[in-house]
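For chain A, the structure is supplied; the task is to place chain B on it using the hints.
Chains as they are written, first to last, in numbering that gives the first Met the number 0: chain A, 0 to 391; chain B, 0 to 249.
Keep in mind that the hints are not guaranteed to be accurate.
[To be verified] Below, simulated DSS-like cross-link-like pairs (lysine-lysine); rule was C-alpha separation at most 25 Å, straight line:
1) B:233 - A:76
2) A:10 - A:376
3) A:315 - A:299
4) B:137 - A:73
5) B:233 - A:96
6) B:143 - B:244
7) A:376 - A:227
8) B:137 - B:244
9) A:153 - A:386
10) A:329 - A:299
11) B:143 - A:10
12) A:153 - A:73
13) A:73 - B:143
14) A:329 - A:96
15) A:386 - A:376
[As the list claims (entries may be wrong)] Simulated restraints, written as ranges between beta carbons of each label pair:
16) A:50 - B:206: 22 to 28 Å
17) B:55 - A:98: 55 to 61 Å
18) A:331 - B:52: 50 to 56 Å
19) B:176 - A:15: 49 to 55 Å
20) B:52 - A:115: 34 to 40 Å
21) B:149 - A:24: 31 to 37 Å
22) B:237 - A:272: 41 to 47 Å
23) A:184 - B:237: 47 to 53 Å
24) A:15 - B:149: 54 to 60 Å
In case anyone wonders, no lab produced these hints; they're calculated from the structure. Heads up, the beta-carbon is just placed ideally off N, CA and C, and yes, glycines get one too.
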Amino acid sequence: MRAVTWQGTGKIQVDNVPDPQIINPHDSIVQITTTCICGSDLHMYDGYIPTMERGDIVGHEFMGRIVEVGSEVKNLKVGDRVVVPFTIACGECFYCKLGLWSLCDNSNPNAAAAEAMYGYSPAGLFGYSHLFGGYAGGQAEYARVPFSNVGCFKVPDELTDEQTIFLTDIFPTGYMAAENCNIHSGDTVAVWGCGPVAQFAIRSAYLLGAERVIAIDRIPERLEMARKGGAEVINYEQMDVPDALREMTGGRGPDSVIDAVGMEAHGTELDYWYDRIAQQIRLETDRPTALRQAIQACRKGGTVSMPGVYGGFIDKLPMGAAFNKGLTFKMGQTHVHKYLAPLTEHIQQGRIDPSFVITHEVPLDRAPEMYKTFRDKQDGCIKVVLKPGTSA
Amino acid sequence: MEAPQLYDPPQRSAINIGQEERTFSLIGGIGLITFALWRRSAISIPMLLTGFGLIYRGMTGNSSLYGALDRNTAVKSNPANVSVPHQQGVHVERAVTVNRPVEDLYNFWHDPVNLPQVMGYVDSIQPIGNNQTHWTVKLPGGAKVEFDSEVYTDTPNEVISWRSLPGSQVENAGSVRFRPAPVGRGTEVHLNVDFVPPGGPLAQALLKLFGDVPNQYIAQYLRDFKQMMETGEKATNKSQSSGRKEAVQQ
Numbered sequence: 000m001r002a003v004t005w006q007g008t009g010k011i012q013v014d015n016v017p018d019p020q021i022i023n024p025h026d027s028i029v030q031i032t033t034t035c036i037c038g039s040d041l042h043m044y045d046g047y048i049p050t051m052e053r054g055d056i057v058g059h060e061f062m063g064r065i066v067e068v069g070s071e072v073k074n075l076k077v078g079d080r081v082v083v084p085f086t087i088a089c090g091e092c093f094y095c096k097l098g099l100w101s102l103c104d105n106s107n108p109n110a111a112a113a114e115a116m117y118g119y120s121p122a123g124l125f126g127y128s129h130l131f132g133g134y135a136g137g138q139a140e141y142a143r144v145p146f147s148n149v150g151c152f153k154v155p156d157e158l159t160d161e162q163t164i165f166l167t168d169i170f171p172t173g174y175m176a177a178e179n180c181n182i183h184s185g186d187t188v189a190v191w192g193c194g195p196v197a198q199f200a201i202r203s204a205y206l207l208g209a210e211r212v213i214a215i216d217r218i219p220e221r222l223e224m225a226r227k228g229g230a231e232v233i234n235y236e237q238m239d240v241p242d243a244l245r246e247m248t249g250g251r252g253p254d255s256v257i258d259a260v261g262m263e264a265h266g267t268e269l270d271y272w273y274d275r276i277a278q279q280i281r282l283e284t285d286r287p288t289a290l291r292q293a294i295q296a297c298r299k300g301g302t303v304s305m306p307g308v309y310g311g312f313i314d315k316l317p318m319g320a321a322f323n324k325g326l327t328f329k330m331g332q333t334h335v336h337k338y339l340a341p342l343t344e345h346i347q348q349g350r351i352d353p354s355f356v357i358t359h360e361v362p363l364d365r366a367p368e369m370y371k372t373f374r375d376k377q378d379g380c381i382k383v384v385l386k387p388g389t390s391a
Numbered sequence: 000m001e002a003p004q005l006y007d008p009p010q011r012s013a014i015n016i017g018q019e020e021r022t023f024s025l026i027g028g029i030g031l032i033t034f035a036l037w038r039r040s041a042i043s044i045p046m047l048l049t050g051f052g053l054i055y056r057g058m059t060g061n062s063s064l065y066g067a068l069d070r071n072t073a074v075k076s077n078p079a080n081v082s083v084p085h086q087q088g089v090h091v092e093r094a095v096t097v098n099r100p101v102e103d104l105y106n107f108w109h110d111p112v113n114l115p116q117v118m119g120y121v122d123s124i125q126p127i128g129n130n131q132t133h134w135t136v137k138l139p140g141g142a143k144v145e146f147d148s149e150v151y152t153d154t155p156n157e158v159i160s161w162r163s164l165p166g167s168q169v170e171n172a173g174s175v176r177f178r179p180a181p182v183g184r185g186t187e188v189h190l191n192v193d194f195v196p197p198g199g200p201l202a203q204a205l206l207k208l209f210g211d212v213p214n215q216y217i218a219q220y221l222r223d224f225k226q227m228m229e230t231g232e233k234a235t236n237k238s239q240s241s242g243r244k245e246a247v248q249q
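Isolated chain A (complex conformation) (with noise of 0.2 Å):
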């Protein structure tokens, strides 16, 4: 089959690789028809996701038809349309039970490695290096789905694939950084990124009640989305961000923030540049420049929201401003399975239409180029999708 291979830092490619197969009892074996590029991946792209090997077969958020099932998966069959989870979870233990799917007890290969690095390891994730599973990833014409039992849903046939998708990872994802913040009538939520992410959470903290939201980026076409889909927004290229929040929120400022940027965050302030240089000298791992500044920016008694992805360590983080404002903070992978049903429900019911945020659309084959134009916000770029099946 085609695949997307992650080659070293800045090299993806497509190769002809081996199909995948059944290995135990709880997997499946999907065709996929959609599957995506996320901006997560861009950190793999730029190497500063440890412990990708050469070769891995990268991407996680894909859905298609299921080919084949395992000996013990019975509530799957052939032909079954179904979206998959980016985290792989068993279904059984502890953690899953009480709905916290992305921390897992069963489901990472590679246990002992991540909890080395983050004392217990949370779940096994699609293409996502081998601290998190070593899985094979979707962004290829077929995928290995282990414990599909739970890790495959099965969604509406009058739904498309570009409806359904994001149902994978970015929904979800944007559904519970709004959820995250507590949201009650009259509240104000300040998000800063305005990608994939930042577009569903902006959207889901308005269907979760949110009297304002505003966004923060530099991108015009970003920003542009963000206010068609409600929100007031501030270029921090051209106005200072703390100074605009206090104005706009009557000198309050926003109830909760939302850090939809993660370790990759671009800046203009001094900070900024202190995080490239510390970064590369190794003194940090992430740069938590948007972090900081929503910590600074957030009021009093509110919450800090992280759906950006946080690998290693950061450095000088304003936990006295966190203190002192007794702030709360939510983080963590997304509980995708915990959602599926729900944000169906709301794609259905016509409150939202997911397919909104997607720019590109573009064959398999066309991948090594998407990564480029995406990472450098080339050609308009917000959202790739990728068909494998069709010509380059």
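Frame of chain A, contents of chain B only:
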């Protein structure tokens, strides 16, 4: 009301030198110091230091070299009765909580034929009757180790303890204990293993150099056990597709 229990990790006595050896150390140390003070030559200073070192060794009964080598001459035990003499060998203990009723976990462990499923490198365990089993272990690198083992404590849903029988290539002993975790959290499984690595003190010191390899094995056994009990399979990325040359050429 019951007093709160503090976690009390198993400790070894700091004393690891036998009484006769301690006496010799004291006499030798005093002798060396006397000689050094009498001669007052270039070698006096190292002799003085060595002398004080021997006196310290004799008075405290502790040798850090012995500690590093896991050697202990303070404790004498009769190897006919135990597999791993008291305070000797390598001791590993690790716990995991499994989201299953204690009966399921005990039953799995009670039938030793199951264990190779969750114990990497354990090739087979065959019952030979009389609560005894024959173990075949294939170590990384191809070395094969065999031993016979007997279960000497078996309390349903609480504890199973075993020890190797005389003449084993690797003397070992261990126990697995089951305790209920707080409500809704399943069952705690505490695994203890002691073994004497073949090859004597030098091999033991080498094993220590490689950090906690035995600890990592035990941790992996417990992870695999938990996965088997909770999901019926072990999560794996082995033999899956990739763009690596060896995979593509298959």
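Mind checking the hinted window 49 to 55 Å against the Cβ distance between residue 176 (chain B) and residue 15 (chain A)?
holds, 52 Å
Against the 25 Å threshold, does the CA-CA distance of residue 137 (chain B) and residue 244 (chain B) hold or violate the hint?
It is violated: about 29 Å lies between the C-alpha atoms, which goes past 25 Å.
Consistency of beta-carbon spacing, residue 206 (chain B) to residue 50 (chain A), with hint 22 to 28 Å
Distance hint for residue 50 (chain A), residue 206 (chain B) holds at roughly 27 Å.
Whether the CB-CB distance between residue 52 (chain B) and residue 115 (chain A) falls inside 34 to 40 Å
holds, 37 Å
Please work out if residue 386 (chain A) and residue 376 (chain A) have their alpha carbons no farther apart than 25 Å.
holds, 21 Å
Under the criterion that the straight-line Cα-Cα distance not exceed 25 Å, is the pair residue 329 (chain A), residue 299 (chain A) satisfied?
holds, 16 Å
Please work out if residue 10 (chain A) and residue 376 (chain A) have their alpha carbons no farther apart than 25 Å.
Distance ~17 Å between residue 10 (chain A) and residue 376 (chain A) Cα, so the pair holds.
CB-CB spacing for residue 52 (chain B) and residue 331 (chain A) relative to the 50 to 56 Å hint:
holds, 54 Å
Quick one, are residue 315 (chain A) and residue 299 (chain A) close enough, alpha carbons at most 25 Å?
OK: residue 315 (chain A) and residue 299 (chain A) at ~20 Å, within 25 Å.
Regarding the pair residue 329 (chain A) and residue 96 (chain A), is the alpha-carbon distance no greater than 25 Å?
Answer holds: residue 329 (chain A) to residue 96 (chain A) is near 20 Å, not above 25 Å.
When you take the CB atoms of residue 184 (chain A) and residue 237 (chain B), is the distance between them in 47 to 53 Å?
Distance hint for residue 184 (chain A), residue 237 (chain B) holds at roughly 52 Å.
Straight-line alpha-carbon gap residue 153 (chain A) to residue 386 (chain A), limit 25 Å:
holds, 19 Å
Consistency with the previously given hints fails for numbers 4, 6, 8, 11 and 13, ordered from lowest to highest.
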